[in-house]
Each structure stands twice: as structure tokens, then as C-alpha cells.
Amino acid sequence: MGGFDMAITLSINGAARSVDAPDDMPLLWVLRDELNMVGTKFGCGAGLCGACTVHMDGAAVRSCQTPLGAVGAAKITTIEGVGETPIGAAVQKAWVAVDAPQCGYCQAGQIMSASALLAATPKPTRTQITQGMSGNLCRCASYHRIMDAIELAAKETSHAG
Amino acid sequence: MQAELSRRSFLRASALAGGGLLVDFSVPVHAAQGAAVLTAFVAIDTSGAITIAARNPEMGQGIKTSLPMIVAEELDADWAQVRVEQADLDPARYGPQFSGASMSTMMGYLPMRQAGAAARDMLVRVAAARWGVAVAEISTAASVAHHKASGRSLPYAALAQEAAGLAPAKPGDLRLKSPEQFTIIGSRRGGVDTPKIVRGDPLYSIDTRLPGMLHAVFVGPPSPGAVLRRVDDAAARAMPGVKAVIPIQGVKAKGTFAGSVDSLTDGVAIVATNWWYAQQARDKLVLEWDESAAQGHGDAAYAARAKALLDAGGGKVAFKAGDAKAALGKAAKVISARYDYPFVAHNTLEPQNCTALFKDGKLTFWAPAQQPENGRKLVAQCVGVAEGDITVHVTRIGGGFGRRLMSDFMAQAGAIAKAMPGVPINVLYNRTDDITHDFYRPAGWHKFKAGIDQSGRLTAFTNHFVSFGPGEDPQFFANMAPFHMPEGLIPDIEMTHSVFPTIMPLGAMRAPTSNAHAFVFQGFLDEVARAGGRSLPALMLDLFTADKQFGETDKAGETPRSFNTARARAVVQKAMAMSDWGNVPRKPGIGRGFAFYFCHRGYFAEVVEVAVKGKAVTVRKVWAAGDVGRQIVNPLGAEAQVRGSILDGLSQALNGQKITIENGRVQQSNFHDHPFARIDRLPPVEVAFVPSDAQPGGLGEPALPPVIPALANAIFDATGKRLRSMPFAL
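Protein chains in written order, with numbering that gives the first Met the number 0: chain Y, 0 to 160; chain C, 0 to 729.
Among the hints, erroneous ones may be present.
[Unchecked claim] The calculated DSS-like cross-link candidates involving lysine-lysine, where the alpha carbons are at most 25 Å apart (straight line), are:
{"id": "1", "chain 1": "C", "residue 1": "Lys-195", "chain 2": "Y", "residue 2": "Lys-154"}
{"id": "2", "chain 1": "C", "residue 1": "Lys-720", "chain 2": "C", "residue 2": "Lys-620"}
{"id": "3", "chain 1": "C", "residue 1": "Lys-448", "chain 2": "C", "residue 2": "Lys-306"}
{"id": "4", "chain 1": "C", "residue 1": "Lys-195", "chain 2": "Y", "residue 2": "Lys-92"}
{"id": "5", "chain 1": "C", "residue 1": "Lys-195", "chain 2": "Y", "residue 2": "Lys-74"}
Source of the hints: derived by calculation from the structure; they are not laboratory data.
Please put together the full structure from these sequences, using the hints given.
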């Protein structure tokens, strides 16, 4: 739907993407329904489940609570692009190694939160992991393996570093 | 019928369009299913890639990985070369394609082995002919055929084309491996979709994107049975991005389960270019609903009515042996208690949604359905398109837990799509739609009496169960298992029930009926054990002393439904050994609880250790011992199911999950008021499988029920406070 707003250019996964959407449209719906980038998931629409987590200039944000107008020139990274970063790649690799997903629907958000956590805290304690990940709901309760995967990724990235 | 079955009993093989071997392997199914065939599906292309069709919908239970592993085992496939594809709905070809009741492993174990073995047999016969040697001299491993004596080898890829021209063997003539020959079954394999999930690839129904697709919300009734009287959609139509506003008239369908209201309800669909536009526009809709049907229906009213029924006593006899009342009169001690549990919602993380396209009189679905076949029947009834004109692509499901056994979202998507021919429509619930339009785990109320003798042995037992139903008996999902402990274990027992009607839609929640009844029965039996100065595992072992098999009737070729005391004993003893039950010194504020339950053909005994400080409960550790038959297909997935089930159960008990209702309207709206556990509750969960001789069964459910009473019993052990109502509040 166009015509009522100026097209806005976003930086998503290192590429410039033009969208024609109102300022108050949440980034989640810009990604999913304007750009057809469906890796970022909708779970609650209220910032309660973390399924929609993306990075804005490296920090984890809930894209369902981030209006398009607040994005500006910030660099957005989504699950489709996080593997291009060394930490994101290590997190994805660890996720596969421990076979974290059950239904898998929350895992994009979990991976985005985990990679932001490791970027800020390369060697997190269990308490720090718990704090960093408590905004992400896994309805299948795959938490044991999420914890294992983050610890594995931390080990791998700190070796590499 | 006989001719039909025997025709389908033969393997059929045909060449794929692109060349290669296609095995369509059919055997008669158990009569109980009423379906005609069970089928597995293998394709090998000339490059060596092997495609195995996944028959049952994947919702996190791991079946998309484990059933193809079974095929690959007998095929002697190189698992690294195997690609798994979700089969579209085609029950005539694949057999029953539902995911529920922990039945997929049981129903697939033998047919999948035969499918793999049939394909291998054809490949081996080609190799034997080429080399001029006997079939028996050929061995296979990792997608390669070998002739040891001459040192020759050929990859399956080089044999597949020719093999496709052979007549397949009869299922009964195939030789299957003995378990010690297994290299894939029983090994730890990651999920076939895991690499895609971590990259965010589109896998789920909600990810379906088609050219020209539009997005819809379905504004359904605010309370069950509400009738839409008036629609003013002028303001909604004027909202940005809105393409159509479509009133939908409800159609009462024959439910997919007895007593269910799996139908198309009245509602209004808003169709837009972006789901968010549709969501914004719904606030502008002016709808007038007649909600008179649901007046007076509420959780408080239900609880009051249930209390009156329990106070009155009696009820219809569901099971009776001996004379429980007389035995209670003779007991050294009588213990009585009431228990209850609330309505709860499923809250799959992927909200209910579905994509449909109506074109040239035919409907195509991309559906996250646990029962796509029933979904198709529902659509045919509600939308008026013949089943034969409906195609269903089954997507990966972002959580099932029984919610998607109902296919209401398919009927809605179909109705909207039919109103907009040629336009693919994805209808998507918001979280509040999802919680308020669920098929709920019903509330229930129980009154128990038990008698024990001087030595603490259980001698008499009565249970009065108050539940929902239109007549004299509990309706589906509000019922009790046909056989329920301690039936069959003591001579004097009486189980009765009383029911009253509800308008709320009821459904199956992971381990349906069991998830609630384990809590009430095993919680009460813990009280009984303690009243006699014993522990619950000691009481249960006492009840299981004699080798007995009784209860539900078993069917040939199925994992037994009957209850086997020897299998029960083995898991109880294992859980006690794992947790060092009874040998751990007591510490203030720390408690341990035990529970055992048998459901979905699986036996689980679990021990929970808690620390309680004030009102705060910390689960320190859980031990789980389970018997789901002689073979765990994929231990990596199996352990995940057990751990997930256990955390799920703890979440139901400790996170305050409860649906409250006023005049049919559900009061909860999102994860803040129907919460789930986060990563901060992460006790170590030690899992052990206790193999038995039984045919393998499923693991999506049976590990969940016992953890709730084990937790209640642990909290009692730590605090002396008995929890008889869910969710737990200290």
C-alpha cells in the first residue's frame, strides 16, 4: 500500500531496502509483509515472547515494539543475516551442534538474543545467560539446549578470539 | 474389502519422472484406524541423493526426523545423503497422516522399516544380476552395495534406475534387521530441519508467501456460540491497506471429535496487503453480537456447581469392583480430600494461522494442521468445496500441544479464500485471538476417599469426578481414561462421575486427561502413603507386586494399551535408584516428591527435588525413568521430548496458568496473564529409558503428567503444605 508516505530506506543485513509504509508500522510487519523476510517471527505482538527479536545497531530489540519511524539509519540485522557475523555464525553452529530446536518457532528470536548477548558479554556466566535470555519464550521448553548452545558458542568464539 | 487390502498389500514401484527408484509401499493398517493403507515413501535419484517422505506433521515432536531414520536404517542409506520432504496430504498413498496421541512412532515403526527394506531389496537384486552373484552374497552399507568375495562395490545411485523396473518383494518376504545390526535407529541424530530453522528459512505456515497474497484477520465471536447480528464495516474499509471486509456466516459442522465445536463460527474477515493493516482496521469495525448463549457460563459458576455436586455425593458409577463403602468402613484409617484444576490454553508460539487459495473451483491449503485430513473434511463441510477438490500442503508446525488437532483456522482461511477467488490469503490470529478462541483443557473436580490397613496398605478407594458433559457422562477431553489406577490393583474400588454442560470449546492438551488426572490421583495417593507412614513409591510398588496385565484391550501389532505391572515396577525402581530415593539426608526447606503415571502407552516415574523459601519454589532437580518400549529411535530427540514435557508440566503448575471465564468470555489475553516458564527455571533433568519387550511407542506426551504431582508431593515434603489445586499457590 503506498501513496500516503514517503518511501523510507532501511539498512537491513548490510543492504539498503526501500519500504513504503507508515511510521507507526512495527518493524516486524515491515520485515514480514512488506519485504517478505519471514525469518523474524510473530508471537505475541506485545514484547512478551521475544520471537520477533532483531538487532538494531547490534542491540537486541523486539521488532513488534519498534515502529518503523524509530529505526532511522540504524543498521538492522535479522536472522537471515546474523550468520554473516562471526558471533552469529558461531551461535547458529552451536544451535545445530546441540540440536536446540523442538518446534523451532522461537529459535530465530533466541539466536538473535543469544548473539547480542555474546557480542556484549563474550564469556557470560549462567546467571548472565539467564538474564540475557529471559525475555525469550520457548513454548516447547527447549531451554536446556539453548543454555548448552550458548555456552558452546561462547567457548568457540572465545577460542577464536 | 479383502481384495482391496490384498491389492494394496503389494509393493508398487514406478520410475520417477526424473529417473530413479520410487517405492510406494503399502500394507493394510490395523482395523482400528479404519484406514486402508500405511505407506512409506522413498526416492533415490541418480546423483545418490535419497529423498524420504515424512508422513506425519512435524510440530516439534521430532517425527520428521525419526520416521525417515527408520526407513534409512533398513535401506542402509547414508544418512548424510538423505533429504526429508514433508508429504502432502494423501492418505490413500501414505496412510493416516495425523500427529497426536503419541501414535506416530507406533504406527510407523514397522511400515517404515518395510519400506526401507523393500527399496534395499530391489537395489541388491540389480547389483546381484550385474555381478552375476547370489543376492545373499551382497551386503549394503551407507548407500553402497558390496560383493565382498570379489571386492566389487556399486553406489545406490548406479543401481537405482534399473531397480525401478523390478517388481518389489511382498512385505512378508522381506528380511528386516535384528536390532544389533542397527546403525541409524538408536543413534543420536539432529533434526532434519534444524539447519534451516537456525537460518530463519521459511518453514512454517505463517511463512507462506505467494504472488499476490493478502493477509487477513478473522474477528470471531467474543464468547462461544455468539451470533453476529449486525456489521458496520464502513470505517474499517476506509483504513489504509484494507482490500476487503468479508462477513462470514458460521456453519455448524460435524466435529472432528465427538462433542467438539470444531466448526466455522460467525465472524468478519478483514483482508489487507499487510497483516498489521488488517489488525489496525479491526478496531474500526462495529459489530453487534448476540451473546445470550454464553450467559452464566463462567469458571466461578462452574466451580460452585461442581462443589454442590461433590457435596451431594453419589454420581454415576463408571467403575466398580468389590464393595468400596464396606471396605472403607473396615479400614484402620480413612483419608479423604478434594482436588481441582482449571481451564488452560495451549498458546502455541506460532499463533493459529493458515494460507488458502481458491482457484478454478478448487482450494489449496498450506496448513499447520495436526490432523490435515480432518481439516479437509471440516473445510468441505463448512466451505462447500468437495474433498476431492481440496489440496493440503502440510507445513512445519510452530507448536501443536493438541491445539491444532482442531482445524478451525483451515475453515476460516477456506471461507475467506473462497470469497476472493485467485487471491492467496493467510489468516493469522493475534495472541488474544489465540488465547480467547482456543479449545481449552477443561477444568475438573475430584473427591477421594481411601482406606488403609494397620500396615498402611491401600484397601479401599473411591473417586467422585465432576466434569463437563451434555448428558450423564463426561464429554470428550473432559473424560477420564477408560482404565485408571488404582482400578484393577485393589479389590474394593468405586469410581463415579457427575457432569454438567459447558459452552466452552474443549480440546486435547498435551497428554489430554492425563495431565490433570496424574496430579489429582498421584497427589492423593501420596497423602494416602504418608497417612500410613510410607512413601508413594513404596505404596505403588506394593500395588504392583503381582505380575498382572489388565485394563484396555490390546490390538495385534500395536504397542499395548493394557497396563502391565512389571513394566510399571521397573520404571518406579529405576527412578528410585537414579534419585537415591530414601537415602538422602533431610535438609530444612528441601523436599522430594515422587509420582508414577501410565498414559499414551508409556510408563514414567519421576522424582522432583525442590527448595522452598517463603512462597518461592525452586526446582533443584528432576529424575525421570520411562519405558516406551524396546527401542528409542532417536535418543537425541527422545531426551528433548522428556525434558520439554517436564518443564512444560512445571510451567503449568508453577507459573499460574489458569483461564478464567465470565459469561463465556475468556479473561486472559497474552503471555503476561497466561505465563510460561522462561530459561530461569532450568533444573537439571536426568533421563533414563528402561527398555521393555513392547513395540516402540511415542514420547510427545507420557513424560509430562507425573511431574506435576511429583512437584506437589515435593512441596509437601519440604513444607507440610498440601497442594490440591492447580496452579500451585503457596
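Open item on the list: Let me make sure I understand: some of the numbered hints might not hold for this structure. Which ones are they, in numerical order?
Closed with: none
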